[in-house]
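J.: We have chain L already, so just place chains V, C and D on it with the hints.
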Amino acid sequence: MYLFTILVGLPIVLAVGLWWIPFRFLQAFMFVFSFFVSLCSALLFLSPSTFSFSLGSFFSTAVIVIDTLLILYFLKEGLGLKDKRVWILALIQLGLFSLVESSIGSNYGRADFIIDELSTFMFTVINIVGSLIVVYAVWYIDKESISENRKRFFLCVLILFLSVMNLIVATNSLMLFFLLFELTTLASYLLIGFRKNEISIHNALKALWMNQIGGVFILIAVILGIFYKTAPYFDGLMENGSMLVVVSLIAMAGLVKGAQIPFDSWLLGAMVAPSPVSAILHSATMVKLAPFVILKLAPAYEHTIVGQSIMVFGSFVFVIAGLYGLSRDNFKEILGYSTISLLGLMIAMATIVGNEHKDILYIIIFFHAISKALLFLLAGILEKNHNVKNISDMDGLLHKAPLSTSMIMIGFATITLPPFGLFFGKLFSIELVASNMRSDPTYLFLLAALAVGSAILILLYFKVASLLFSKNAKDEAYCSEKPFTCEMISPYIFTLLLMCSAFLIVFGGIEIPLIYILGSLLLIFVIPFWLKIDPFKNVDRVKEYHCGEQGHFGVAQWSFSFTNGIEKTILLTGIVAFIAIALGGLL
Amino acid sequence: MSWFLALFAPVFGTLVSGIDRVVRARMQRRLGPPLMQPFYDMFKLLDKRPMMVHKLHIVLGVMHFMALWASIALFMFGGHLLYIIFTHLLSVIFLILAGYSVRSPYSHLGANRELLALFAYEPILILMAVGFYLTCGSFEVSVITSNSPAIVSMPLMFIALLILLPLKLKKSPFDAPEAHQELCGGVEIEYSGFFYEVIYVSKMTEIIFVYALVFLFAGQNILLGIILVTGSFFLVNAVDNATGRIRIDHLVKKVYATAFVLALLALGWISYV
Amino acid sequence: MKKIETNSENLKDDISAFYDYKIWHYITVNGVDLGDKMEIQYLFKKYGNKEEVVCYFLTMDYEKEIPSIVSIIPSAYLGEGEVVDMFGVKIKEIPKGLLLEEDSCQAPLRKAQ
Amino acid sequence: MKKTINIPYGSQHIALLEPVRFQFETQNEKIVGVKADIGYVHRGIEKACTSTFEYKQIPSVVARVCGLCAITHSLTYVMAVEQIIDVNVSEKAKYLRMLMVELDRIHSHMLCLSHTAENAGYEALFMQIMADREIIMDIQEAISGNRVQFDFVCIGGVNRDITDEIVKFIIKSLNELQPKIEDIFDMFENNWSLSLKYKGIGAITKENASIYNALGPLARAAGLETDVRAESDYYPYEKIGYKMILEQTGDIYGRNRVRLREILSSIDMIKNILCDIPEGNIIEKVKGKPNGESVARLEAPRGEIFYYLKGVKQAMLDRVRTKTPTFSGIPAMVEIFKGQEYGDVPAILASFDPCMSCTAK
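Protein chains in written order, with our numbering: chain L, 1 to 587; chain V, 1 to 273; chain C, 1 to 113; chain D, 1 to 361.
Don't read these hints as lab results, they were simulated from the structure. Hints may be right or wrong, so weigh each one.
Unchecked claim - Away from chain L, derived, C-beta distances all over 12 Å, residues of chain D:
{"id": "1", "residue": "Lys3"}
{"id": "2", "residue": "Gln23"}
{"id": "3", "residue": "Gln27"}
{"id": "4", "residue": "Asp37"}
{"id": "5", "residue": "Gly39"}
{"id": "6", "residue": "Val61"}
{"id": "7", "residue": "Lys92"}
{"id": "8", "residue": "Gln178"}
What the hints assert, rightly or not - Okay, the calculated bits of chain D under chain V, using three or more residues with CB under 8 Å as the criterion:
{"id": "9", "stretch": "9-19"}
{"id": "10", "stretch": "112-126"}
{"id": "11", "stretch": "192-198"}
{"id": "12", "stretch": "303-315"}
What the hints assert, rightly or not - On the chain D side, residues computed to face chain L include the following (Cβ under 10 Å):
{"id": "13", "residue": "Thr4"}
{"id": "14", "residue": "Glu25"}
{"id": "15", "residue": "Thr26"}
{"id": "16", "residue": "Glu29"}
Predicted model, so just to flag it, every value in this text is computed and none were measured. Yeah, the Cβ is synthetic: ideal placement off N, Cα and C, and Gly gets one too.
Looking at chain L on its own, in the form it has when it is part of the complex:
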């Protein structure tokens, strides 16, 4: 309980405090903060206990006030920036919200917050990954040419967001969930639009209205819940099995947050935000609400058509989003699509893991958060230090920035190759699906998606690597990159975590024969050492074979693209899937 208070309170204290701390000490402060919250969350996770508590009536009034203010703010932004969709949705939300507040009962006698294993797991992800990204964000935002107050504001929003995230994964009340959901939307909106240029504002508004739809789903769910005389609490939903439509509506809100097709465009648009934002909100923590919600609600729709359609839809997104990523050139957009893709996998897995195999999903979520955070931080470093944003500009990057590039490669490898965390997540998923194959024909679909989707991710990442690695015959020496700089702290920690991910998994109680781990680790890490000792000193050098011709022969990335027709079909499929989930709930 105290630890939870620290997790929620400390960010708020720091957010207030950082306005007085001199900027150059900020990173150290953040580092200490990060250490504390990581420790707290780890302690919470390792001491399994479930406890719950409620807020007083003062707080429930405050919640209503904040909610109303928030919706009014959205309304104002929508009207001010003349975005029809935003203000219409805000009006709808306002109407629904007042309807809810007028009809909701005052006391259902349920706890507002329940902290269970799932919440504590999410705390670890949010706090360890999130706070380290904040440490990095101090360096990043310092490189922007904006006023110091704006910089502080940026950090303030980031830290407060951590607090909100800590609350949302612990909340039990749907109304609180709605408020916090909207708060994350607000954070997303503020941070995407942070650079205040035309494209940022456009994309921020897009993220806003799409996420508002999620809010609308929640409100409708609550109203329906009241109509069916169900308490608007998560545990209430779980008790009453007939409330499938309520559950599916909330799951849909989660899917919107997780940017599943057809709502994928907001996450892609979010890539114009500063890199730490993409890292913290749009890959490591906020979007993880999608698998979180699905997993939380999983018992309610186990073996129903809703669960099946969410699973099929998730595996569909796993494949399709990866294919979309293949056509992109911007590094962050590629990461964005691969995030959507992996979220699809997590969502699909969340519906089937059940209680016994939750750890598989934990492995996927946790190591995905770390891998993606690492990759996004490196994208930021490349952008600021090496002025590289697109993968087609990455020509010979290994030569120019060996350290960052090796870390990118580790980031890629951890998602696709043995013996790293996310890879094991996928491996265990395959095993799990295989062992349950006979129970349900839709598992075949998931299995196919797992097989194909992994292959697509391999294609996607190692296609990116094509230019990273290419190097002229004549330049042998690698440029040196300063290894100990403040931006490198968080990436180092992430890299370290990833490299020992297999041991972490073993430590977490899952059995993997050590020979596999050690063998493949050896195979991978022998390469840099071998290069270091320089075994081929006396070997003659040759130039590349160019058919005997002289001159420059350029190489380039491969790109793939969908035709328009297919894109439309995919969009339609996404919409149909959402309708199917809702209909499944109704029936």
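T.: Positioned in the frame of chain L, the structure of chains V, C and D alone reads:
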């Protein structure tokens, strides 16, 4: 026995390659090279002056061989089939990165095609592993080889594997990744001398890996295993001699349209019928 | 062979008035060294017909520049390039070096050399 | 930001038997730009013909322009010379020349087909066609005494006569060849992988074929009616059953079909020639020195060969101009390459049947 098989896998592979060359030549009404020709080639390569483009390229090439050998060793010691497939994947990724690491358009195109080929066959290998799990109840090779032949319960999966064979063995019609008329060998083009020897040996080792997968379908029945391997060996050579090379985009489409569908059907068959 | 004379001013007009790619097969451009002058020939043949080869020709000084007919017959650049290389004459927009390298003998077919 | 790959194709490349350089600019594998460079093996044969050799020696010189169209080069030259110095060649010599040209066409087409198969990755078919091609080589050896460089034609006629045994041998061999060609035809028509590789690939429209002056099988596969055999009266082609062979598709498949059908029709023509070879001298005496201009055209396997001669009453000619089919075909080839996949390039190139030693003579 496992030690012996694992250690000498490259040698067996070379021998199979020698037989392969003779058989293919006879199918083309040629006399063909002597049986030991691949060994002579290897000794010849050892004699050459070593030359290289740059270090990383060589190191990745050597690691490709090591990883491949490791996956064979895992196989021979009866390891977990999924790990074996993924260690093999690791080795292919090393080769692809090696191809990318030199600034040669052929090498790059070769690596790109290799990657697309990987995209085509990797899912099917995974599905195949799941198929073994469903028939034999375990992913362990040692369990699979002590069970009754899996080919009986999933003949379609075996056909899917047969479709993959030319792809893995770089034979027509699926040899686009190293098409010598277009890419002069693709990823292996920049290797020479001793370093090409390494790539050459790993090609030989790949043969053993592939036929080991074929052998797996026979379970404990060694005689059936030998029949399956020999049969598929001749089939692959016959197909190689009866087809041209199809383009890489066709390759991906055809493999998905045939082998992938067959693998799914096989799984569906085992699980639900 | 039916020879029709033209000159460097009228060359493009004559050829474009005469040439229709559906009827005429363009054979090649030929150069003949007359000793003190060059004769440049443009040879055509009608498709599916047993008539004679038609030859437009012009005589020019070595140093003069004549227009190119590439705008009328896109594939003429090869024939013209060969004449440029072999005789060292100048044709507008046709660079040297189609067949000969810079360090090889220049204008090998010219008689004056 | 660079998005294209530059792929050098030649001057020394595995799939290219002769030195020519193409440089492709591709997006992924799709070709967006092509540059062609010829002239790697320029040997100055035109110069040699006007400075070193007398006009009577030249048939053997121009035969060395190219190994495959040896007979057509010397024959075209000979036809041009005969026009200037007024020699009347006997009907028998004409028939023998036609016989040799058609045999040459068969073996050249077979070579091209085998390379097209090889460059499409079909090694076995390559071996098969090359083995079958030996039959034609044997026939040529029986007639001229040589397998490759025949030197069969001379000014005024031909060098060797044909005997009854040879006629029998030819007919027997051709009967042996015909079913084999039909087998190969079937392969090109029905093989699954080859149909992926050939049908619709490397296509040129009839319009473009005539704009870029395509010729030979390349043009005929696109439906452009151009064939010197139908455009001249010099040889009695109609009499021996010549038909122009046309396809409409213009792709590699079409070109292969044109070649295969031409082989079959050449076999028929050869049989007809052998049936009605007239009696007569095989060689006329040649007197005088060439004076004046003349041109001659002949349909080589790859398309039209063109010779221009100018004599000034001397044993040495004033000007010999050789125009070879591949040389004229290059603009059309470059045009075809645009928009194709790089993976199809070797097969497309082989289907043009390019002869670089002809091009840079």
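J.: Minimum C-beta separation from Lys3 of chain D to chain L exceeding 12 Å: can you confirm that?
T.: violated (5 Å)
J.: At 12 Å, judged by beta carbons, does Lys92 of chain D keep clear of chain L as stated?
T.: Holds: least Cβ distance 49 Å, greater than 12 Å.
J.: Confirm or reject the coverage of the stretch 9-19 of chain D by chain V under the rule of 3 or more residues with a beta carbon closer than 8 Å to the chain's beta carbons.
T.: holds (count 3)
J.: Hint validation: Thr26 of chain D versus chain L, beta carbon distance must be below 10 Å. Holds or violated?
T.: holds (9 Å)
J.: Is the nearest Cβ of chain L still more than 12 Å from the Cβ of Asp37 of chain D?
T.: Asp37 of chain D not clear of chain L: closest Cβ-Cβ about 9 Å, inside 12 Å.
J.: With a C-beta cutoff of 8 Å, work out whether three or more residues of the stretch 303-315 of chain D approach chain V closely enough for the coverage to hold.
T.: Result for this restraint: violated, n = 0.
J.: How does the stretch 112-126 of chain D fare against chain V when you require at least three residues with a CB closer than 8 Å, holds or violated?
T.: holds (count 9)
J.: Does Gln23 of chain D clear chain L by more than 12 Å, comparing its Cβ with all Cβ atoms of that chain?
T.: violated (8 Å)
J.: Classify the hint on Glu29 of chain D as holds or violated, based on whether any CB of chain L lies nearer than 10 Å to its CB.
T.: holds (8 Å)
J.: Against chain L, with CB atoms and a cut of 10 Å, does the hint on Thr4 of chain D hold up?
T.: holds (6 Å)
J.: Verify that the Cβ of Val61 of chain D lies farther than 12 Å from every Cβ atom of chain L, and report whether the claim holds or is violated.
T.: holds (29 Å)
J.: Using Cβ atoms and 12 Å as the threshold, tell me whether Gln178 of chain D really stays out of contact range of chain L.
T.: holds (40 Å)
Taken one by one, the earlier hints fail for this structure at numbers 1, 2, 3, 4 and 12, listed in ascending order.
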